[in-house]
Each structure stands twice: as C-alpha cells, then as structure tokens.
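Student: Each chain, letter by letter, is given below.
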Amino acid sequence: MTKVTMTVNGKSVSGEVKGNTLLTDFLRTDLRLTGTHVGCDTSQCGACVVHVNGEAVKACTMFAAEADGTEVTTIEGMANADGSLNVIQQAFQEYHGLQCGFCTPGMVMSAAALLKENPKPSEAEVRDYLEGNICRCTGYHNIVRAILAASGQDVPAVAAE
Amino acid sequence: MYSFDIQRPTSVADAVAALGTDEALPLGGGQTLIPTLKQRLSAPSVLVSLSGIAEIKGVCTGDDGALCIGGGTTHATVAREATGYPALAELAGNIGDPAVRNRGTIGGSLANNDPSACYPAAALASGATIVTNTREIAADDYFQGMFETALNEGEIITEVRFPVPEKGAYMKFEQPASRFALVGVFVAKYADGVRVAVTGASEEGVFRWTEAEKALSSNFAPEAVDGLSVSGDGMISDLHGSGAYRAHLVGVMTKRAVAAAH
Chain A
671 MTKVTMTVNG
681 KSVSGEVKGN
691 TLLTDFLRTD
701 LRLTGTHVGC
711 DTSQCGACVV
721 HVNGEAVKAC
731 TMFAAEADGT
741 EVTTIEGMAN
751 ADGSLNVIQQ
761 AFQEYHGLQC
771 GFCTPGMVMS
781 AAALLKENPK
791 PSEAEVRDYL
801 EGNICRCTGY
811 HNIVRAILAA
821 SGQDVPAVAA
831 E
Chain B
13 MYSFDIQRPT
23 SVADAVAALG
33 TDEALPLGGG
43 QTLIPTLKQR
53 LSAPSVLVSL
63 SGIAEIKGVC
73 TGDDGALCIG
83 GGTTHATVAR
93 EATGYPALAE
103 LAGNIGDPAV
113 RNRGTIGGSL
123 ANNDPSACYP
133 AAALASGATI
143 VTNTREIAAD
153 DYFQGMFETA
163 LNEGEIITEV
173 RFPVPEKGAY
183 MKFEQPASRF
193 ALVGVFVAKY
203 ADGVRVAVTG
213 ASEEGVFRWT
223 EAEKALSSNF
233 APEAVDGLSV
243 SGDGMISDLH
253 GSGAYRAHLV
263 GVMTKRAVAA
273 AH
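Here the protein sequences come in this chain order: A and B. For the first sequence, this note's numbering assigns the number 671 to the initial residue and increments by one for each residue that follows. For the second sequence, this note's numbering assigns the number 13 to the initial residue and increments by one for each residue that follows.
Source of the hints: derived by calculation from the structure; they are not laboratory data. The beta carbon of each residue, even a glycine, is placed where N, CA and C say it ideally should be. Careful, some of the hints might be misleading.
As the list claims (entries may be wrong) - Straight-line Cα separation of at most 16 angstroms, EDC-like style, residue types lysine to aspartate or glutamate; simulated pairs:
| id | chain 1 | residue 1 | chain 2 | residue 2 |
| --- | --- | --- | --- | --- |
| 1 | A | LYS681 | A | GLU787 |
| 2 | B | LYS69 | B | GLU93 |
| 3 | B | LYS201 | B | GLU223 |
| 4 | A | LYS688 | B | ASP17 |
| 5 | A | LYS673 | A | GLU746 |
| 6 | B | LYS179 | B | GLU223 |
| 7 | B | LYS50 | A | ASP738 |
| 8 | B | LYS50 | A | GLU787 |
| 9 | B | LYS50 | B | ASP17 |
| 10 | A | LYS673 | B | ASP17 |
| 11 | A | LYS681 | A | ASP738 |
| 12 | A | LYS673 | A | ASP700 |
Unchecked claim - The following label-pair restraints were derived from C-beta to C-beta distances:
| id | chain 1 | residue 1 | chain 2 | residue 2 | range |
| --- | --- | --- | --- | --- | --- |
| 13 | B | HIS274 | A | CYS770 | 39 to 47 angstroms |
| 14 | B | ASP238 | A | PRO826 | 36 to 44 angstroms |
| 15 | B | GLU215 | A | ASN788 | 18 to 26 angstroms |
| 16 | B | CYS72 | A | SER792 | 28 to 36 angstroms |
| 17 | A | GLU801 | B | GLY74 | 19 to 27 angstroms |
Working from the sequences, and respecting the hints, build out all of it.
Tutor: The structure is reproduced here in structure tokens:
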C-alpha cells in the first residue's frame, strides 16, 4: 500500500492505495465521490473525465498513486460556491444536453477543459474536442449547443437530419 | 489487473535502478499499458512510473536546429509547443482524444511501437534519433517489427531528436472505431532527399517506402507517385480493410501528404 495525498475539489485528502488502484476507484470508493462515472473502463467513453492539475484526463486510465500531490477536480467541484449550477451545467439543463445523464459528468468536465483553452470554440471545434466522450442518448446536437451557449455564443438551430 | 507495486522516481537514474528488479515495467502515460494490464495481458511485479521525472519532459531546439522532445513529454505538450516542426505538432494533436493526449507520451508510444501508432511514422520519416539512458539509436535501426524495438529491458527513452524538414506532412486514414491509423503516411522533404514512412499497414510495423522516396526526391509532387504501388502481401488484413485495400491506401495517403506538405 502507498499513502497518497491530493487536493480534491479544494480539499486536502489522503488515503492508502494499492499499486493497481485506479483514480476512479479512489474517487468513487474511498472518497465516495460517485459523480465520476465508469462507463467502459477501457478509456473509450470519457464518462470518467476529471481534471488533474487543470488538465482533462480519463480517471479510469490513471493510477491513484500517480495523482499523489496533484490537484483534482471532479464534477462535484463544478457547481458555484453557493451550490447553484455553474454556467456549463446550467446550459446543459437549458439546452437539454442530457437524457439518461450517465455521460454528463465527463461531458461537463471535457467542456470545461475546452472552454478554458478555447473560450469561443466553433461548432466543429466543440465536436472535435468531444471525440473521446461518448453519449448514446442525445445524438450530441444538444450537448454541442449547450457548450456553445455556455461559451456565450449564439446557438445554431439543430440541423434537420 | 494483477497486483503490483508502483514506484514514482524523480530522476532517470532512480528509474533505471528501480527497473533493475525482476518483472519491473516502465509506465509512461499508461494510455496503452493500463488497458493492457486490465486485460491481464501483462503481469509486472513493479510498475515504475516515469511521469514524475522532470528531466525527460519538454520541447526545445538543439544546437544543430533539431527539435528535441523529452521522452516523457505528452502529446498535448508536443501539439502545443513543437511549433518549429508544424507537421509533427499536427500529428501529435490528432492522436487519440484530448484526455488521452494529456497523459500519453512520445517515449511511451515509441517504446510500445504499436503497428498503427502515429509517432513511429514521424520518427522514421524524419530520420530521428532516439536517445536513451545509455545510447543514441537511429530511427532506421530502432523499429524492428510489430511491438519490437531496439530497446533493451529497463532502457528508457529520455529524448527524441527530430531534424526539421523543409516541408512535411502526416496524413492519417482513421480506422473508424479506434481512430488509430488504418494507414498513416508521413512525408518529409530534406535538402538531401525525401523520406516516406508508413504506419498502420504492414504486419512488420512502420516501414519506409523507398520507391516513393526516390520518385519524390526528383519531383516533389503528388503525380510523382503515379504508377508506383506497394504489394498487399504482408499487409495487415482485418475486418476494417484487406491487405490489398491498405496497400492501395498507402499510395493515396502518400499523395495527400505530399499535396499537404508545408
């Protein structure tokens, strides 16, 4: 067992982990932060995306021991200080960017990472950035619209397909 | 996954020492190795994480003008910082997806030598030098077949040096599910000739298409490749494409890369 200490959503936490403990397991089982979802566990689906030192990573494909000393942000750390939904979460609600909601934590975390590096992305850039996030409900249109809305841009009508 | 211990050395020397034990494996960004461990296809007793070693991270320009990339540098960093070699930066920015690019490293990719990975094509087409903790290996000597390299056990890629071409481009025909290269071709035009490297196609892993190199060295234009073809024998054949289809794509992607070279 290895002792790890990290800052998760602004709070210092520590725990004992095995070598093969994934960051998803540490977050969900040890810290009971179950908002980070495990969809595929093969780094395809992106439901487990969290930020480690500000960068989006798939928490199912990183060991907890490697997060020692880092700052981790999960979906539980995304709301505003007063508990209200942040601008991205609010946009997902307003634009119906989710149906079952399983992929949503990863979508929101990826969207936040995108808007940090590219505050006014084009629709094509949003779609490209979401390459590693799979949603089986929405067909992506409303997720893309929500992210464009969160960036403060005009939201295109959904193309008839 | 089987059980293993994990170590996080902060220097190359400490990592090499840790890798001296039996059944120890180096861990780069883990974007291939961790899925492999989950499938129980690998059973190390110790994983030596290289992610805490600052001395093997970063992008710089060497005295000879070559672009030097630390072995532990992530794809995202290469995409952002390798501005002196645009074709290489573009290649790095199109590997996997953003979250994978934030973890996966150039050293990990080259050490793994997946037959469909992008970086081997760049290294071979650029005549790069793979620098390890013990020696320097020319790309022409480094790639030795599917998942096979010149690396010895416990040897760590500390740096990769890319001579910057006058023009270059990488064109990837993506396998639609994995987004790995079904066929990827990297073309690099240097003062002393053109180099063409192909990934994704051959059962022997990345290779140079010397016929096309010769034709392009005398006329660097897409039509120079007209009439040239590679054989479908020895090409990967699977449900995504037959060997003959991949062989055809080699010509198509080479032309596209020449047309896009900048």
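Student: Indicate, hint by hint, whether the structure satisfies it.
Tutor: Hint by hint, here is what the structure shows:
no., hint, verdict
1, LYS681/A <-> GLU787/A, "violated (25 angstroms)"
2, LYS69/B <-> GLU93/B, "holds (12 angstroms)"
3, LYS201/B <-> GLU223/B, "holds (15 angstroms)"
4, LYS688/A <-> ASP17/B, "holds (7 angstroms)"
5, LYS673/A <-> GLU746/A, "violated (23 angstroms)"
6, LYS179/B <-> GLU223/B, "violated (19 angstroms)"
7, LYS50/B <-> ASP738/A, "violated (21 angstroms)"
8, LYS50/B <-> GLU787/A, "violated (32 angstroms)"
9, LYS50/B <-> ASP17/B, "holds (15 angstroms)"
10, LYS673/A <-> ASP17/B, "holds (12 angstroms)"
11, LYS681/A <-> ASP738/A, "holds (14 angstroms)"
12, LYS673/A <-> ASP700/A, "holds (13 angstroms)"
13, HIS274/B <-> CYS770/A: 39 to 47 angstroms, "holds (44 angstroms)"
14, ASP238/B <-> PRO826/A: 36 to 44 angstroms, "holds (42 angstroms)"
15, GLU215/B <-> ASN788/A: 18 to 26 angstroms, "violated (40 angstroms)"
16, CYS72/B <-> SER792/A: 28 to 36 angstroms, "holds (32 angstroms)"
17, GLU801/A <-> GLY74/B: 19 to 27 angstroms, "violated (33 angstroms)"
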